[in-house]
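K.L.:
Given chain A, work out where chain B should sit, using these hints.
Chains A and B are the protein sequences, given in the same order. Positions 1 to 313 (this note's numbering) are the ones given, in order, by the first sequence. Positions 1 to 313 (this note's numbering) are the ones given, in order, by the second sequence.
None of these hints come from the bench; they were simulated from the model. Keep in mind that a hint or two might mislead.
When chains are identical, the list treats them as one kind, so a pair holds in a single copy or across two.
List time: in silico DSSO-like cross-link candidates among lysine-lysine, alpha-carbon distance up to 30 Å [unchecked claim]:
| # | residue 1 | residue 2 |
| --- | --- | --- |
| 1 | 247 | 287 |
| 2 | 247 | 313 |
| 3 | 141 | 23 |
| 4 | 220 | 287 |
| 5 | 141 | 56 |
| 6 | 116 | 2 |
| 7 | 80 | 162 |
Number of protein chains: 2
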Amino acid sequence: MKIIIAGAGAMGSRFGLMLNQAKNDVILIDGWQEHVDEINKNGLRADFNGEEVIAKIPAYQQDKLSEVDFTADLVILFTKAMQLDAMLKSLQPMLSENTKVLCLLNGIGHEDTIKKYVPFENILLGNTMWTAGMEGPGRVKLFGTGSLDLQNLGEGQEEIAKEVVAVLSKADLHANFSTDIISSIYKKACVNGTMNGLCTLLNSNMADLGATSFADEMVKEIVLEFEAIANYEKVPFDREAILTQIKGCYNPETIGLHHPSMYQDLRINHRLTEIDYINGAIVRKGKEYGIATPYCSFLTQLIHTKEELLGVK
Amino acid sequence: MKIIIAGAGAMGSRFGLMLNQAKNDVILIDGWQEHVDEINKNGLRADFNGEEVIAKIPAYQQDKLSEVDFTADLVILFTKAMQLDAMLKSLQPMLSENTKVLCLLNGIGHEDTIKKYVPFENILLGNTMWTAGMEGPGRVKLFGTGSLDLQNLGEGQEEIAKEVVAVLSKADLHANFSTDIISSIYKKACVNGTMNGLCTLLNSNMADLGATSFADEMVKEIVLEFEAIANYEKVPFDREAILTQIKGCYNPETIGLHHPSMYQDLRINHRLTEIDYINGAIVRKGKEYGIATPYCSFLTQLIHTKEELLGVK
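Isolated chain A (complex conformation) (with noise of 0.2 Å):
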């Protein structure tokens, strides 16, 4: 299959690594120049769970494919949230009315801006439990297992999504064709939608925030603005299923010690962050809908405000 991954970072790198060895045809897009470089000049570098993997799979910066001639049955979209447009833009011409565009941001309603790019039934929604991390230009880290679930967008597009399902599946990469992934998206928005805010905002781990007295209470006012906004939509949201899956994240004997993204992209790496995409839709949707999301909104209003005052742009 003719696959490009639109945005390889670590998670995009993972996939095009793994669908290239499972013998797809698979070609990378980045922003990052010196990244893109790296891969052509000596391939993309891995330590797969620890063993070290140098993959030939041709890279492409995304303004520069006027001259690139692949025309793709799959595109899997692993930008950052606020360059999904931009990607989609530059993609125009490598896909044909065929092409098949799986979503695997994190965030909600990645849709809207897919649909003005691409026919609404070749739209498939995702959602990964994999990780993977960047070492530096052209060489990641791969460790661990995962799997993801994804389903069609359009009515009656199951085919397509269980033949995605197929190849990833091929690929060892454990997919699964769901019938509730948007449940899952706001199930894994809830996570993101408190825990990356707060610890962000509080410069504090997922443990320690979990310790205190009122991390309960911010949690479940956050959340419950999230459900105000499911079942609006009608989608199925499971509030304590969700609450008790956040709380999982305090243990500081698996992930409690660990920051979120969005404290590595603010704090660290000091760029901006995805809120926007998480309690910052929710918060659109909710204008929309005439539902109040406060916490989400101030939670939104302040991250923004601490990237401006850390000169992030």
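P.N.:
Leaving out everything else, chain B in the frame of chain A:
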């Protein structure tokens, strides 16, 4: 006049010193033993607009009042908000049925605490624009000028308030009799309820906060909650004047480069904040009146969480 300064920090020391200089019979009461000892040993020492002043004023540790023979005509309350209740309890033996009690604490709703210990008709509320700085045990820095407004809480008690105004004015404290002290207190609480919490949480001074894109939006949401409570209580509330005063705090040529007092309490001196008596008071009143106050609620929770994360008790 026999006057107790209850809470002899920087501001209490200023009032004590100036009232002492005007020949009142003043004593200081404070919880900080070292400060009390220093004052009794070497006097209350002040850098008073550049002049070195030493005032011999008796000082007492708040928990050791049982043998002090002093019945006050006037008590001026200058504790931190969370110390108010304990201070009033300690003062009981030194109050007569005629003792007036003037509250000059930051924050709102202190009258609910005071009226548990003092007849309602003896309570005066005030709002001061004086400043003062603590330099160490027994030593303060008193620069610039100021004023204060005060008013009787009990109906028909204007004469009492005006009598206290006269005593304070004779000591050059520039007191004015007010007819809308609760409005002034709300106005000041709005400044504190925005600048204090936001700067403390975001680790910013007021000018930098004011220069961000979302400051005005956050400030407005918070002020609207204060306004809703004030409206319910039929307290006049001039939103535009209050927002203008808050925006005045952003000015780097005046006070913008300063960090508000809560920032200094928590981030410099590692002390608990007064958030429960500013935004937290709005939350309590909102619950009582059935008015939603999510911004004040979230801000109060976030500041308490930050206190706990910093290990401040």
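K.L.:
Does each hint hold? Answer for all of them.
P.N.:
Here is how each hint holds up against the structure:
Proximity of residue 247 to residue 287 under the C-alpha cut-off of 30 Å is found in both arrangements, the shortest distances being 29 Å within a copy and 27 Å between copies. In this homomeric assembly, residue 247 and residue 313 come within 30 Å of each other (Cα to Cα) only across copies, at 25 Å, whereas the closest approach inside a single copy is 32 Å. For a Cα distance limit of 30 Å, the shortest separation of residue 141 from residue 23 inside one copy, 21 Å, qualifies, whereas the shortest one across copies, 77 Å, does not. When the C-alpha separation of residue 220 and residue 287 is checked against a cutoff of 30 Å, the pair qualifies both within a copy, at 20 Å, and between copies, at 18 Å.
Only within a single protomer do residue 141 and residue 56 lie at most 30 Å apart by alpha-carbon distance; the minimum there is 16 Å, versus 71 Å between protomers. Taking the shortest Cα distances, residue 116 and residue 2 sit within 30 Å of each other inside one copy (23 Å), while across copies they are farther apart (78 Å). In this assembly of identical chains, the alpha carbons of residue 80 and residue 162 lie at most 30 Å apart only when taken from the same copy (26 Å versus 65 Å across copies).
Hint compliance for this structure: no hint is broken.
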